[in-house]
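Given chain A's structure and the hints, the job is docking chains B and C onto it.
Protein chains in written order, with the numbering used here: chain A, 246 to 764; chain B, 184 to 347; chain C, 855 to 969.
Think of the hints as simulated: they come from the structure by calculation, not from any bench. Owing to the predicted nature of the structure, the values given are computational and were not obtained by experimental measurement. Worth double-checking, as some hints may not be accurate.
[As the list claims (entries may be wrong)] With a straight-line cut-off of 30 Å between C-alpha atoms, the simulated DSS-like cross-links for lysine-lysine are:
1) K272(A) <-> K248(B)
2) K692(A) <-> K634(A)
3) K365(A) <-> K249(B)
4) K241(B) <-> K365(A)
5) K954(C) <-> K248(B)
6) K365(A) <-> K883(C)
7) K692(A) <-> K550(A)
8) K241(B) <-> K272(A)
9) K272(A) <-> K249(B)
10) K365(A) <-> K248(B)
11) K249(B) <-> K954(C)
12) K692(A) <-> K627(A)
13) K550(A) <-> K954(C)
14) K365(A) <-> K461(A)
15) K634(A) <-> K550(A)
16) K365(A) <-> K954(C)
17) K954(C) <-> K241(B)
[To be verified] Among chain C residues calculated to face chain B with C-beta under 10 Å, some are:
18) I910
19) T914
20) L932
21) V936
22) L946
23) T947
24) R965
All residues carry an ideal CB built from backbone N, CA and C; glycine is no exception.
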Amino acid sequence: MSWQVHLPALVVSVPLLGAFISIAMVKPRLRNLWFATILVATTILAFLMWRYVAINGTLVYVMGGERWNLTLPSGMTLPIRIIMEVDAFGAFMALAGSIATLASGLFSVRFLDRVNDGNKFVALFFLLFAGMLGLEVTGDFFNFFVFLEIASVASFGLIAFWRDRPEAIEASFKYAVLSTFVALIFLIGVGILYGVYGTLNMAAIAKNMQVGFLEKLALVLFIVSLAMKSGAVPLHMWEPDAYGQAPAGVSCFLVVVGQASLYGMFRIAFSVYGQAFEGSVLAWVIIVLGLLSMFIGVIMAVIQKEAKRLMAYHCISQTGYMLMGIGLGLLALSSSQAMSEYGFTAMKGGIFHIINNAMYKGLLFLTAGSLFYATGTTNLNKLGGLARKMPYTTFMFAVAAAAIAGLPPFNGFVSKLLIYESSFVVHPFLAVVAMVTSILTLASFVKVFQSGFLGPSRDDLNNVREVPLSMVVGMMVLCVMIISLSMMPNWVLANLIEPAARDLVNQASYIQAVMGSGL
Amino acid sequence: MRPLSIVVRTICNIFAWFVAIFGAYVILHGHLTPGGGFQGGAIVATFIALLLVAHGGKSFLGWVKKEIFSSFEGAGLVAFVCVGFLGLSTTFLYNFLALKGGLFGSAVPIGPNAGVLNSSGTIALANIAVGLEVVGGLSAILIFMFLGMRYVSEGGKEGVKDDK
Amino acid sequence: MINNIPMLTVGALFVIGLYGVLFKRNIIKIAIAVSIIESSTNLFLIVLGYRTGGSIPVYTLAGEFKKMVLPTPQALTLTAIVIGLATTALLLTLIMLLYKHYGTLDVHEIRRLRG
Chain A
246 MSWQVHLPAL VVSVPLLGAF ISIAMVKPRL RNLWFATILV ATTILAFLMW
296 RYVAINGTLV YVMGGERWNL TLPSGMTLPI RIIMEVDAFG AFMALAGSIA
346 TLASGLFSVR FLDRVNDGNK FVALFFLLFA GMLGLEVTGD FFNFFVFLEI
396 ASVASFGLIA FWRDRPEAIE ASFKYAVLST FVALIFLIGV GILYGVYGTL
446 NMAAIAKNMQ VGFLEKLALV LFIVSLAMKS GAVPLHMWEP DAYGQAPAGV
496 SCFLVVVGQA SLYGMFRIAF SVYGQAFEGS VLAWVIIVLG LLSMFIGVIM
546 AVIQKEAKRL MAYHCISQTG YMLMGIGLGL LALSSSQAMS EYGFTAMKGG
596 IFHIINNAMY KGLLFLTAGS LFYATGTTNL NKLGGLARKM PYTTFMFAVA
646 AAAIAGLPPF NGFVSKLLIY ESSFVVHPFL AVVAMVTSIL TLASFVKVFQ
696 SGFLGPSRDD LNNVREVPLS MVVGMMVLCV MIISLSMMPN WVLANLIEPA
746 ARDLVNQASY IQAVMGSGL
Chain B
184 MRPLSIVVRT ICNIFAWFVA IFGAYVILHG HLTPGGGFQG GAIVATFIAL
234 LLVAHGGKSF LGWVKKEIFS SFEGAGLVAF VCVGFLGLST TFLYNFLALK
284 GGLFGSAVPI GPNAGVLNSS GTIALANIAV GLEVVGGLSA ILIFMFLGMR
334 YVSEGGKEGV KDDK
Chain C
855 MINNIPMLTV GALFVIGLYG VLFKRNIIKI AIAVSIIESS TNLFLIVLGY
905 RTGGSIPVYT LAGEFKKMVL PTPQALTLTA IVIGLATTAL LLTLIMLLYK
955 HYGTLDVHEI RRLRG
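Next up, chain A with everything else stripped away, as it sits in the complex (with noise of 0.2 Å):
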């Protein structure tokens, strides 16, 4: 047994500590250093998780057992205590989430010298990051309430960390209140399905599902609370207003914490109701989730005026494409042959796209930010010119557009060509929207490339500089990744992607891992 087993426990845990100790660290040159450590470890710690699942398979963890793998101690028919499940999903998903956040760390090390209380920015955004990995790696249904709650708690407290300014309060406001009230409806759901199946343990429910009127009840509950966290349209009011106000790195982390919420929507879809759920009704409803989002999203995009509102309505658009992908594979799920056909494809497309959007929306939003520290504004009527005098703003910018727009030779083309594919199998309409909604994204950012790089300088924004270089690295993480991701789909498809779409289909290796020999 190598150390490395404890590896779910610790993703949680070493945040957790961080968190809880940068709030009496005294120096801010000593937090600053201890910010940046655990940040490191942290996403460390999940590449080797990521790197464990990918070599020995689904891990699991109980928390407080006799031994790790105790997850059905002798005689039980259903296990007990917290348990801990990591597939290759999960372990995916953490792992992007991790090289987001890292990213946006580093990139708001440099901020945290403009405000007076960086301790608290730090502890919230440590809570924030356990959270969200939390998210990813727990099996149990009330834990992922539980870590539902620490990362909404944290990101209100995080959203409205410009206390000063009136809007990032009333955008807090109105997160807080939204997010609150659909937690607990997923609270009542974790309720009904504890009282049909007197357990709250994932793979333990999924074994013994029988889908009647309360367990749809329930999914209905878990779909509507998870959608609107992770910002698909019917209730996608609040996240232009939540990342148009945050701190720009915290938009950026917000994106992978949106992510997280939809890895429980699929999570629950897959693996918890799967082949159980007769009929194409919960896919169909994914993939018009997706494709409201994807064409709302951008078309409310086009008309913004201001940079940070802007992207935060293409990133509900970009959630479209995840919806679209994985609920087109969810439809596949039942037969074979529609799997080969196109439901592999659509879901490989899908996932691409999740690390995609995490790290180039993610730079998008840094990006963002930078031009605010530079000018003090993120208008786009008030910027122009700035390309001579912020070069690597500039330059990650395009990078990130380009991508995001799904220009061929960048990683947002692949995972977009996928989802395209699939999508025309199943039905041309599908494939249409997905593509002008594409072409709209190009054109929205060509739009404010032009006008905040481009063009004549103005005379208001003469003394503007470059970001300091803390900055500077922190974007520098997200543009290597996006470039690494373009240089090499192949490799990632096949080592990153695939491994991860497998374990989410195989709902019986999810159920095996828990409920299995007990071990």
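What follows is chains B and C alone, placed relative to chain A:
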């Protein structure tokens, strides 16, 4: 907030301490009776609230610095995570003290009985850590809300802005 | 019928809270409505674990009773209460800051973010 009348203050001085003691009892007996770290901590925070209301914020903050509560909070949380880490040779949060005979290590006899205080292993330690955290956290919330109230009514001269 | 009264209470509380969140204009009332929904959820969990005639689920205090109510939903409820406390405190803090900035508690006047 102004201090209340002398009657209230005197009665508070005498009886508020019982609230604190009861809270400490609930924390320490968390593994035996209903209650535990959070509930006991909330009771102790009530004690702080009583003092704050009866004596007014000005004199209360003259007795105690509010940083003390934040440090309680941090210490409790760190202690809790450390209890988890100490069990890491087996699993995270493993109960390494139970039934070992030492601190919190006795066994509880079978059948209905009053319980043994020195039992339950790390659960008791975790309860104490959580109790410390909740005392600090809830009191800090009360004090910051009190300061914020002044901040709102006096147009932002002091309170939340410069020290939260 | 009489056995369903707790569940009906859960439903009634939930509907009251939902009404408050959707239709009340005062933000403090909205925060109260969120807490009411929270209470209904907690009551729901407790009712799930109730068994007629069961005693408290503490082994050393249960006495002669053979039947206990389920302890897991009670633990869940305690956790949910703690989380609810944190969110309520945060909501109230945000309300205080909103009042400071806008000078009003009316949701219709607190809307600088739109579009």
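Here's how the hints hold up against the structure:
no.	hint	verdict
1	K272(A) <-> K248(B)	holds, 20 Å
2	K692(A) <-> K634(A)	holds, 19 Å
3	K365(A) <-> K249(B)	holds, 15 Å
4	K241(B) <-> K365(A)	holds, 25 Å
5	K954(C) <-> K248(B)	holds, 25 Å
6	K365(A) <-> K883(C)	holds, 29 Å
7	K692(A) <-> K550(A)	holds, 10 Å
8	K241(B) <-> K272(A)	holds, 29 Å
9	K272(A) <-> K249(B)	holds, 19 Å
10	K365(A) <-> K248(B)	holds, 18 Å
11	K249(B) <-> K954(C)	holds, 23 Å
12	K692(A) <-> K627(A)	holds, 14 Å
13	K550(A) <-> K954(C)	holds, 28 Å
14	K365(A) <-> K461(A)	violated, 41 Å
15	K634(A) <-> K550(A)	holds, 22 Å
16	K365(A) <-> K954(C)	holds, 22 Å
17	K954(C) <-> K241(B)	holds, 22 Å
18	I910	holds, 7 Å
19	T914	holds, 5 Å
20	L932	holds, 7 Å
21	V936	holds, 5 Å
22	L946	holds, 7 Å
23	T947	holds, 7 Å
24	R965	violated, 20 Å
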